[in-house]
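J.: As a plain string of letters, each chain reads:
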Amino acid sequence: MADILGFGVPRQRETTHPCALPEQRDEAVTALFVAHHRRLVGLARLLVDDQQSAEDVVQDAFGQLHRRWCGLRDKDAAVAYLQRAVVNGARSALRRRRVRRREDDVVVPDAPSAELSALRHEDHRQLRAAIAGLPQRQRQVLVLRYFLDLSEAEIAHWLDISRGSVKQHAARGLAALSARLEVTV
Amino acid sequence: VTPPTTPASPEEHLHACLSDWAEDAMTRTDTAAELRRFHRSLAHRGSLRRARWVAAAAVWAVLAVSAGVLTSGGGGGARPVRVATTGTLESPAPLPGTLVGARIATHGSLGDAAHPAAGFLWYVTDEGRIDRIDPDSGEVTQVRPGVAAAGPFVEAEGRVWFAGRKGDEQRFYGLDPQTTRVVVSTEPVSVAGQLSVGPAGLWAVTGARELQQLDGRSGRVLQTVDTPQGVYDVHVAADVVYAGAGDGGNGLTVIDPGTGRSRAVLPDLAPGPLALAPDGDLWVQDLRRPALVRLDGTSLVQEVVIPLPGGTSTASQREYQEGWGDHVLAYPLVVGDSLYAVMNPAGRRLLLRADARTGAVTHVFETGRGNFAGPATVMDGSVWIASRHTEPLVRRIAPFS
Chain A
1 MADILGFGVP RQRETTHPCA LPEQRDEAVT ALFVAHHRRL VGLARLLVDD
51 QQSAEDVVQD AFGQLHRRWC GLRDKDAAVA YLQRAVVNGA RSALRRRRVR
101 RREDDVVVPD APSAELSALR HEDHRQLRAA IAGLPQRQRQ VLVLRYFLDL
151 SEAEIAHWLD ISRGSVKQHA ARGLAALSAR LEVTV
Chain B
1 VTPPTTPASP EEHLHACLSD WAEDAMTRTD TAAELRRFHR SLAHRGSLRR
51 ARWVAAAAVW AVLAVSAGVL TSGGGGGARP VRVATTGTLE SPAPLPGTLV
101 GARIATHGSL GDAAHPAAGF LWYVTDEGRI DRIDPDSGEV TQVRPGVAAA
151 GPFVEAEGRV WFAGRKGDEQ RFYGLDPQTT RVVVSTEPVS VAGQLSVGPA
201 GLWAVTGARE LQQLDGRSGR VLQTVDTPQG VYDVHVAADV VYAGAGDGGN
251 GLTVIDPGTG RSRAVLPDLA PGPLALAPDG DLWVQDLRRP ALVRLDGTSL
301 VQEVVIPLPG GTSTASQREY QEGWGDHVLA YPLVVGDSLY AVMNPAGRRL
351 LLRADARTGA VTHVFETGRG NFAGPATVMD GSVWIASRHT EPLVRRIAPF
401 S
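Top line first, the protein sequences correspond to chains A and B. When we follow my numbering, the leftmost residue of the first sequence carries the number 1, and every step to the right adds one. When we follow my numbering, the leftmost residue of the second sequence carries the number 1, and every step to the right adds one.
Worth flagging that the hints you see were computed from the coordinates, not collected in a lab. Treat the hints with caution; some may be incorrect.
Below, in silico cross-link-like pairs of lysine to any residue (SDA-like), each with a Cα-Cα straight-line distance of 20 Å or less [to be verified]:
| hint | chain 1 | residue 1 | chain 2 | residue 2 |
| --- | --- | --- | --- | --- |
| 1 | B | LYS166 | B | ARG144 |
| 2 | A | LYS167 | A | PHE147 |
| 3 | A | LYS167 | A | GLU152 |
| 4 | A | LYS167 | B | GLN142 |
| 5 | A | LYS167 | B | GLU12 |
| 6 | B | LYS166 | B | GLN178 |
| 7 | B | LYS166 | B | GLN142 |
| 8 | A | LYS167 | B | GLU11 |
| 9 | A | LYS167 | B | PRO10 |
| 10 | A | LYS167 | B | ARG129 |
| 11 | B | LYS166 | B | ARG129 |
| 12 | A | LYS167 | A | GLN138 |
| 13 | B | LYS166 | B | GLY146 |
| 14 | A | LYS167 | A | LEU148 |
| 15 | A | LYS167 | A | SER178 |
A short, non-exhaustive set of chain A residues, derived as facing chain B with CB atoms under 10 Å [to be verified]:
| hint | residue |
| --- | --- |
| 16 | ASP26 |
| 17 | THR30 |
| 18 | VAL79 |
| 19 | TYR146 |
| 20 | LEU150 |
| 21 | HIS157 |
| 22 | LEU159 |
| 23 | ILE161 |
| 24 | LYS167 |
| 25 | GLN168 |
| 26 | ARG172 |
C-beta atoms are modelled at their ideal positions from N, C-alpha and C, and glycine is treated no differently.
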């Protein structure tokens, strides 16, 4: 179709895509939700400042997956897609929140869970605070490296940065945390 | 609890900390509830076919309301206490109708609930400024009172009154609701706390044990009342003033506004947020337990109890509840024959509606994103809720059928 009015060529409606019936798509995404939701919330929580935002980021990630399900060539890559969506979504959420500079006051504050209350690891609490205070990129790199166990190459691919940058961010992040890590190790 | 083993290296320690942190978040999330939320968002986009597989995940149970009978332990002798059980609070009914003027973005983070006064909704942002909402148009007017403001807002003698702080000095300020300019203030007080207005005049909490009745036009002090039980919250009814200790204190005091003397004291209650019913009775949360209690307005005898769902509230609410345990905090509101209460149990956002007389719960609504900033309010026949989230919102919910 010619774009004679300059508004861009209309895209084909998603519902006409032949890859799956809507019910099948819903079913597949729901199954993924049930299987991976908790783990993704855990990942998101490491990247944002509170539980509510983490859950919102994961909701958005599943919403994206649902919208783009038909365009996903490799359905086995859905989990990786979700993880990347969470990482990117967390970045956006954190950026929005920090612009507002009200993150401690306007969100659902994290309560110490029963588990945390029981353990009361002061060193972990302080380390968490230190991680939360890292620049966003350093925090992302450390979480991807030490929580998801991704390689430098994978992190570089996910974050769309060079491997050198990954190394640099990881080194700086670890250096920033070193005092806390050394004290507690 | 088994003490953790010491990690061998900083990297291992970091890994252990991250895993522990993530596990903590995973423990606290409710996948079933989040799945329901996800399905609702899909349905909202019109892309979800309500297929058979949804049925297992999204259960819309009918609230089973049953009643039991206990005997009151209050000071007025043996009167029956009806206990309204709320049944399946875990499966709230869907929100009926539509949100009207659904999202009014505000100028700042909501620091308090909206309060109706002089035909507008007023609330304070976390920055201490005031926003005025026109409920008809949704227009938000930013007010800069020149002091750090705090709610609630009440209207008396053509002024909208609120508490304000400038440096170390606290006063109550009255502004013109049309021009939004501050036109009068009281003398400095040691604490500028809660305000309430009613047929018995304008009353303010001015100290840990002190209430003052103020002239609604000039702000002049008409009388000062000492409350031995302590006072945190005040509510003015037709011919009485209720002073709730709250904030770690004990007791609810009924004060005669004419003499300033107490008519009755209920010492065994840790009163949280209060709401007055038109018939003079009182709904209040006893902060020691997750329950809303209806009290006889004169005798303070406990008449009805509505148990609340399990789960803790938000951190700011826990601060308010400090010393009284870690359970949900509900903000009651009585409108006509209905009792409404907003609460944030375990990260959920519920609006409960019950028969204000019997306590029978008729509806529980899950209202979506954002914690409630305080009690709901009613204006023009609609329920308004203010929520705090990444987007501060004031939402108007259409009248319930």
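J.: Confirm or reject each hint.
T.: Here is what the structure says about each hint:
1. B/LYS166 to B/ARG144: OK: B/LYS166 and B/ARG144 at ~13 Å, within 20 Å.
2. A/LYS167 to A/PHE147: Judged against 20 Å, a Cα distance of about 16 Å means the pair holds.
3. A/LYS167 to A/GLU152: 7 Å, holds
4. A/LYS167 to B/GLN142: Given that 20 Å is the threshold and the Cα spacing comes to 48 Å, the pair is violated.
5. A/LYS167 to B/GLU12: Holds. A/LYS167 to B/GLU12 sits at ~18 Å (cutoff 20 Å).
6. B/LYS166 to B/GLN178: 23 Å, violated
7. B/LYS166 to B/GLN142: Status holds; Cα separation ~19 Å.
8. A/LYS167 to B/GLU11: Cα-Cα ~14 Å, so holds.
9. A/LYS167 to B/PRO10: Between A/LYS167 and B/PRO10 the Cα gap is close to 16 Å, so the pair holds against 20 Å.
10. A/LYS167 to B/ARG129: 45 Å, violated
11. B/LYS166 to B/ARG129: 12 Å, holds
12. A/LYS167 to A/GLN138: 10 Å, holds
13. B/LYS166 to B/GLY146: Between B/LYS166 and B/GLY146 the Cα gap is close to 8 Å, so the pair holds against 20 Å.
14. A/LYS167 to A/LEU148: 16 Å, holds
15. A/LYS167 to A/SER178: Between A/LYS167 and A/SER178 the Cα gap is close to 16 Å, so the pair holds against 20 Å.
16. ASP26: With a closest approach of 6 Å, the A/ASP26 hint holds.
17. THR30: 7 Å, holds
18. VAL79: Violated. Min distance 16 Å.
19. TYR146: Cβ of A/TYR146 sits 5 Å from chain B, so the hint holds.
20. LEU150: Violated, about 13 Å.
21. HIS157: Because about 21 Å separates A/HIS157 from the closest Cβ in chain B, which is outside the 10 Å limit, the hint is violated.
22. LEU159: 17 Å, violated
23. ILE161: 20 Å, violated
24. LYS167: 14 Å, violated
25. GLN168: 17 Å, violated
26. ARG172: Violated. Min distance 14 Å.
Against the hints set out earlier in the document, violations occur for numbers 4, 6, 10, 18, 20, 21, 22, 23, 24, 25 and 26.
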